[in-house]
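So the sequence lines, in the order shown, correspond to chains A, B and C.
With this note's numbering, letter number 45 in the first sequence gets 45, and the count goes up by one each step, no holes.
To get this note's numbering, take the position in the second sequence, counting from 1, and add 103.
To get this note's numbering, take the position in the third sequence, counting from 1, and add 421.
Just so you know, the hints here were simulated from the structure itself, not pulled from any lab data.
Worth double-checking, as some hints may not be accurate.
Computed cross-link-like contacts, DSS-like style, restricted to lysine-lysine with a CA-CA straight-line distance of at most 25 Å [to be verified]:
no.: 1; chain 1: C; residue 1: Lys487; chain 2: C; residue 2: Lys554
no.: 2; chain 1: B; residue 1: Lys415; chain 2: C; residue 2: Lys561
no.: 3; chain 1: C; residue 1: Lys561; chain 2: B; residue 2: Lys411
no.: 4; chain 1: C; residue 1: Lys673; chain 2: B; residue 2: Lys416
no.: 5; chain 1: A; residue 1: Lys64; chain 2: C; residue 2: Lys561
no.: 6; chain 1: B; residue 1: Lys125; chain 2: B; residue 2: Lys316
no.: 7; chain 1: A; residue 1: Lys64; chain 2: B; residue 2: Lys316
no.: 8; chain 1: C; residue 1: Lys568; chain 2: B; residue 2: Lys415
no.: 9; chain 1: A; residue 1: Lys64; chain 2: B; residue 2: Lys419
no.: 10; chain 1: C; residue 1: Lys673; chain 2: B; residue 2: Lys286
no.: 11; chain 1: B; residue 1: Lys411; chain 2: A; residue 2: Lys64
Okay, the calculated bits of chain C under chain B, using three or more residues with CB under 8 Å as the criterion [said to hold, decoys possible]:
no.: 12; stretch: 473-480
no.: 13; stretch: 490-498
no.: 14; stretch: 600-612
Ideal placement from N, C-alpha and C gives every residue a C-beta, glycine not left out.
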Amino acid sequence: MSEQQAANINQEHLAVYEVFVRSNRGLDHKHVGSLHAESPEHALMYARDCYLRRSEGVSVWVVKSTDITASQEEDIANFVDPMDDKPYRHATHYVLPDNVNNM
Amino acid sequence: MQTVDDAAAQIEFDRRIADEQKIEPTDWMPDAYRKNLIRQMSQHAHSEVIGMQPEGNWITRAPSLRRKAVLLSKVQDEAGHGLYLYSATESLGITRSELIEALQTGVAKYASIFNYPTLTWADVGAIGWLVDGAAIVNQISLQRTSYGPYSRAMIRICKEESFHQRQGYEIMYELAHGSPEQKAMAQDAMNRNWWPALMMFGPHDSDSAHSGKSMQWKIKRQSNDYLRQKFIDQTVPQIEVLGLEMPDPEIKWNEELGQYDSGEINWEEFYQVINGSGPCNYQRLKHHKKAHQDGEWVREAVRAYSEKQQAKKEQKSA
Amino acid sequence: MNKNSENLYRFLVGLADDSVVLSHRLSEWCSNGPYLEEDIALSNIALDYIGRARMFYQYAVEIEGKGRTEDDIAYHRNEREFTNTLIHELPINDFAFTMVRQYFVDVFYCEYLQQLTQSSDSQVAAIAAKALKESRYHLKRSEPWIKQLSEGTEESKHRVQLALDELENFVGEMFLMEDWEKELVEQGIAVDREALQADWDKQVQEFLAESEMKFPDSQLQIRGGRNGIHTEHLGHMLSEMQYLQRVHPGLKW
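Input sequences plus hints: build the corresponding full structure.
Right, dumping it as structure tokens:
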């Protein structure tokens with residue numbers, strides 16, 4: 001193994017964390033990017049240094065990337081589309097007289 | 104070989120590109136699209152990281168405490184931008200260490216502008232103004248790139264970048280209105296950085312190897328020559344405000360085209376620097392490798408410590 | 422300046438010098454960190470210290486009342502006129518040294534600044550309150566670093582030990598009191614450094630013991646910084662830092 005490869009493997013041991021920031025009180029946490037860190041505590045500190053240099057947030061979450069369960073793209077049609085044909089869930093589905101239509 | 108499924112996915116992909124929809128990491132994408140993205144995004148990330156060096160060269164010599172704070176936070180931002188871009192590139196299924204290895208072995212490129220030396224304090228001003236200025240023109244265009252994570256990283260970077268250009272121009276303005284030596288310093292730094300800044304937009308459209316596909320996939324949104332002209336047109340009036348001589352005697356307003364004419368770039372120099380023979384190519388990579396190697400024992404210690412912690416935890420729960 | 426203002430001026434410049442030389446050292450890490458995230462984090466600490474230095478210098482020139490600026494003080498004094506304590510000026514050496522030094526000063530500042538927020542001088546108290554928040558964050562970073570490096574590999578442990586050995590001699594000076602500083606303590610402006618040492622010793626000792634590292638004897642002390650007697654390193658730092666202002670004096674940048 002070359003020195004370079006060894007160094008690479010070492011670096012892989014820093015896990016990847018996804019960073020979520022609440023930019024203002026009252027708003028949702030929003031995904032802003034990722035970083036490498038050796039522990040959740042460190043990830044949180046690095047998130048502050050790397051993603052909040054301009055006070056962009058009031059609260060931060062970090063989540064290990066491997067801990068995220070995501071919907072699968074190949075499956076996405078079965079997953080999402082059936083929700084599409086329920087127009088009665090949307091306000092615009094209901095036709096009301098003009099004078100009460102801001103309901 | 105393309106399977107039936109792939110063919111269907113390809114149609115879906117093409118439709119998304121045509122509809123101006125973003126491609127997201129879990130979407131199917133053609134291999135060549137992925138490779139092209141990795142090439143362009145990692146080159147961009149490496150440029151941010153290597154770009155720390157020329158300006159970093161002046162942090163310990165900044166002429167006032169305010170300038171020092173500004174410069175350090177600016178160079179730190181470049182590191183941050185490198186991080187955003189590595190992070191976005193990693194979403195394509197490649198690791199940061201693979202990207203770094205590609206940089207250090209010369210497989211991946213970075214912007215040639217950073218292979219020029221920062222000889223005087225005025226270079227710090229000229230880089231902020233011209234180099235970041237050119238980068239912004241390019242990056243604003245890239246906010247509309249078709250790959251979602253790249254586009255989002257660009258939006259974040261553009262927000263932060265305008266301070267970079269403004270602080271650079273402020274330095275130039277102060278020097279251009281200072282003592283004769285300071286003014287000469289500003290003129291010299293602008294003259295030296297002007298051409299490399301124009302080269303940042305890449306070869307002419309007719310000679311650009313990767314442009315065709317990139318444009319078709321909407322990774323790139325506007326052509327090299329178009330963006331270069333845009334940069335020239337916005338920068339010439341700024342030179343006039345500084346009261347410096349034009350760095351190119353052929354710069355002249357063209358009434359008919361509604362843009363500035365300018366001289367031809369020395370393309371021989373362009374290719375020479377790209378191919379490794381710029382004044383600082385060797386130095387920049389050497390610096391990067393040294394920092395990486397010097398940090399190896401730290402990364403190793405971190406790994407060893409977290410393994411020990413993990414083992415302790417397992418022992419406890421066993 | 423009357424005697425009281427003179428004492429206050431010396432006090433402020435001393436604290437500013439501490440911060441400015443340490444910020445300079447930390448800024449040397451920029452583009453040299455062990456990985457990108459840590460590089461960025463170190464720059465943030467350097468920026469905190471530049472900010473701290475500027476606040477203390479700005480207040481000092483205000484007290485002095487001669488119309489000088491922060492940069493006049495930072496860029497136009499020589500080695501013998503700088504009054505920082507020596508621990509702040511030592512070269513960064515390796516990452517272990519940088520972090521052990523940081524840990525030592527972080528523990529010190531957390532206690533020192535906490536007390537300084539009670540200063541009878543409201544401006545000093547306000548600067549201390551701002552700086553205290555920074556130092557508390559710095560300590561939150563440096564503590565786990567010392568732990569990780571001390572308990573990481575043989576090499577990292579060895580490097581931490583070397584740093585502890587080298588820094589041992591420079592700890593005590595942080596707790597020394599000059600006569601003028603004692604007068605300021607009596608006036609309720611400054612903090613009694615000597616009184617902080619026992620707690621510092623205890624905290625650091627217990628923390629290092631967790632990782633089975635040898636505790637430095639903080640009674641050892643190379644002294645002189647406050648009177649302009651420095652290590653040889655400071656002159657090189659200043660010749661680099663002040664170069665432009667010295668070559669082109671009296672200009673704006």
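If any of the earlier hints don't hold here, list their numbers in rising order. As far as the earlier hints go, 1, 4, 7 and 14 are violated by this structure, in ascending order.
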